[in-house]
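Below are the chains, spelled out letter by letter.
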Amino acid sequence: MLIRIRNLTKHYVMGDTVVRALDGVDLDVEEGEFLAITGASGSGKSTMMHLIGCLDRPTSGTYQLDGDDVSRMSDRQLAETRNRKIGFVFQTFNLIQRTSAVDNVAVPLFYARRTRVREPAQRALTRVGLSHRAWHKPSELSGGERQRVAIARAIVNEPRLLLADEPTGNLDSRTGRQIMDIFRELHACGATLVLVTHEMSVALQARRIVRMRDGKIFEDRPVDAALREELRLEAPAERSDEFAPSPPDAGRAAVPAAVARHVRA
Amino acid sequence: MFFLRIVLMALRSLRVHPMRTVLATLGVIIGVAAVVSAMSILEGTRTEVEGRFATLGSNKIFIFPGVQREGRRAVGSVNTLKLDDADAIARECDAIVNVSPQVPSSGLIKFLSKNTNASILGSNETYADINHYDVAEGRFLSRTDVLAADSVLVLGWRVKRELFGGRPALGEVVKISGPLGARGFRVIGVMEKKGNIGWTDVDRQVVMPVTTAMKKLYGLDAVGLIICDSVSPDSLDVEKAKEQVKKLLRQRHRIRPGQPDDFTVQAQGEFLKQFSQMQTIFAVVLYAISGISLVVGGIGIMNIMLVAVTERTREIGVRMAMGARRNDVLRQFLVEASIVSLLGGGCGVLLGWGMAKMLEQATRVINTATTSQAISWALAMATLTGLVSGIYPAYKASKLDPVEALRYE
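Protein sequences appear in the order of chains A and B. Note that this note's numbering has the first sequence beginning at -11, numbered continuously upward. Note that this note's numbering has the second sequence beginning at 29, numbered continuously upward.
Just so you know, these hints were derived from the structure itself, not from any lab. Be aware that a few hints might be false.
Per label pair, the in silico range of CB-to-CB distance [said to hold, decoys possible]:
(1) T308/B to R72/A: 58 to 66 angstroms
(2) R48/B to R106/A: 25 to 33 angstroms
(3) E222/A to L51/B: 53 to 61 angstroms
Beta carbons are placed, not taken as given, at the ideal position from N, Cα and C, and that holds for glycine.
Kindly generate the complete structure, drawing on both the sequences and the hints.
Put into C-alpha cells, the structure is as follows:
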C-alpha cells in the first residue's frame, strides 16, 4: 500500500468559525494506481492534495506514505519526503523563469544534494520529448512545452508518487490532451498518479475516481462505462469529450516520438 | 559543491534586476569607499609624518617664540627669542649639546644672469652637525663667520646645480635681496645631496650666518626659532633639558612666578604624540561616518531583500515543494545578500582607492597608502553588513508556509 489515510481531518480557524476543510477521510491507494480526486471548489480536494503532497500536516488522523507516518514528521523530514517520494505538477507550471529548462528540471536533484544533475535532468527531458529545448528559458517555450518541463521536473528524482493539480487547467484542449497522454504513458510504465481536478472530463481518464463534497469522500469507484453514463446525465452542460482519450493513432501522433520510444522500450 | 550551486543561483537571480542590484549596493559602495579612502589617507599621512620626523633625529628640542599674554589677551610681540638666548642656552644648560638659532626665509638667489628660488636660512656653525648634514665641497659656516657676520653662505645641492651647472661655485659671489637692499655673498661651501630634513627640502636651501641674515639682510632683532639637541634621546634627559631651558629663559626674560612663558619648548616626542592624538580623532570621526554609511547601505540591502522575498514567494513555495528545507531557503537568501554587499564592497574598494589617488594627484600634499589590510577589513565589513541585513529577510523567507507560498499571486 503506497497511501494509507485513516480518519484524516484538517480544520482552519477563520475569524470566529472553524472551517472543516477535511472531515474524516479514509483512502487507500495501491502502487501503480491512476487516481483522480474531483469535486467543486471548497470540497476539500486542494486540502487533500496538500496533505497527500506532504506540504501540510493534518489536524488529526493518520497518513502513511510508503509505510512512513507523515502526520508526525518534522519540517525537515517533510521536505526530504517531498524531495524523494513526491513529484508535483501544477496548473500554472511554476517554473523558475530565469533559468533554462534543464536547470528547472534539476531543482529537485539539487535539493537532494546530488553531485551530478545535468545528465539525469537531460534524461527526464528526453522522456517528455523536450531534449531539444533543454537550454531554452520558460519564456521561450509554449504552454504545453512548459508543462512538459514541469513533468520532467516531477519525475527526475524517480518519486513513488506523481501529484498533479489541474495540470491541463491553463492549456487549450489539444495541448491538454497531449499532456494527459504523457500522464497515461507514465502510468503505463508503472508510475502511481494522483490527479486533482474539478473537470470531470479530465478525471474520467483516470482508472479510479474519488469524488469529494464538504470535506468528505462521497464516492470512490473505478472508472467504467456505467460511471461515464451517470456523469453525462448528471452534468449535461459539460463537454465531456473535450479531454477524452485520443484514438490510439492520434495519441501516438500527439505524443512526441521520444516518449513513445521510451514507453515501448 | 552544494554551496557553490547556491552562489551561482544567487548570481543568476541578481542578474535579473541589474539596476536594482546596483541601487541596493550603492550604500555599501559609498560606505566602503569612505572607509578605504579614509584609511588610505590616514596611513599615508602617518608614514609621511613619521618619515619626516625620522630625518630630524630623535633628541631634538624646539624652542618657539610665544606671544606675551596678560590673562587671555596678547600684549607682546612674537619677537621674544633673541640671539643672546641661544648663546646663553649653549653656555649654561649642561643637558643640551648643540644649539642652532634659526631665521628661516626664502627668496631669489642670483648669479650673473641666472637666478633661482630657494629657502634662505640664517643659522650657526652647529646647523650641519645637528642635522647630520655635510658639505660636499669647501667648508660649512664657522664660529668666526657667525661672530663677524660675514657675507658668506653655503649652497644646497640643487641650488648650486641650477645656478652653476657643472662649473665650480666656490669663491663665486651670489646676490640676494632683502629689506635692507641687495647684497653679495661669497660661496664657501656646497652641501651634499640630502633631500628632506623635517619639512624642508635642504637641497633647495642656502645657509648663511644667522647674524648676517638678521643684521645685514632682513634687519631683525629676534630669531625665528631655536633648535637644540638634548644629550641623549632618553626621556629623562629630554625632560631635564626642557626644564633647564625653561628656567633659564624665564630668568632672562624676567618673567615673574605665576606669569605664563613667552616661549614654547617642545620635544620631538611631544610633536609625534600630538600628531598621533590628532590622527586618532580623525580616525574616529572618519570611521563613524563610514560606519553610518555602511549601516545605511545595510538598510538598503535589507529593503531590497525584503522586496525580493515577497516577489519570489511563489518560487519559494515551489522550491519547498521540490524538497528545499527551510535551511536551504535561508541560506539562499543569506548568500544572495552577502554577494550583493561583497560586490558593493569590491566596487567600493576600487572607488575608495581611486578617490585617494585622485586626492593625492590633486593636492600634491596629501600622501595616501592603501594597504591590503585596509582592503580586507573593508571587504569583511561589507560582507558582514550583507549577512546582518540579510538575516531578517532570509528568516522571513524560510518561515513561509509552503501551501500559502504556492497560492501566492
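Going through the hints against the structure:
As the Cβ distance of T308/B to R72/A is approximately 60 angstroms, the hint placing it in 58 to 66 angstroms holds. A hinted range of 25 to 33 angstroms holds for the C-beta pair R48/B and R106/A, which are about 30 angstroms apart. Range check, E222/A to L51/B: Cβ separation about 58 angstroms, and the 53 to 61 angstroms hint holds.
The structure is consistent with each of the numbered hints, conforming to all of them.
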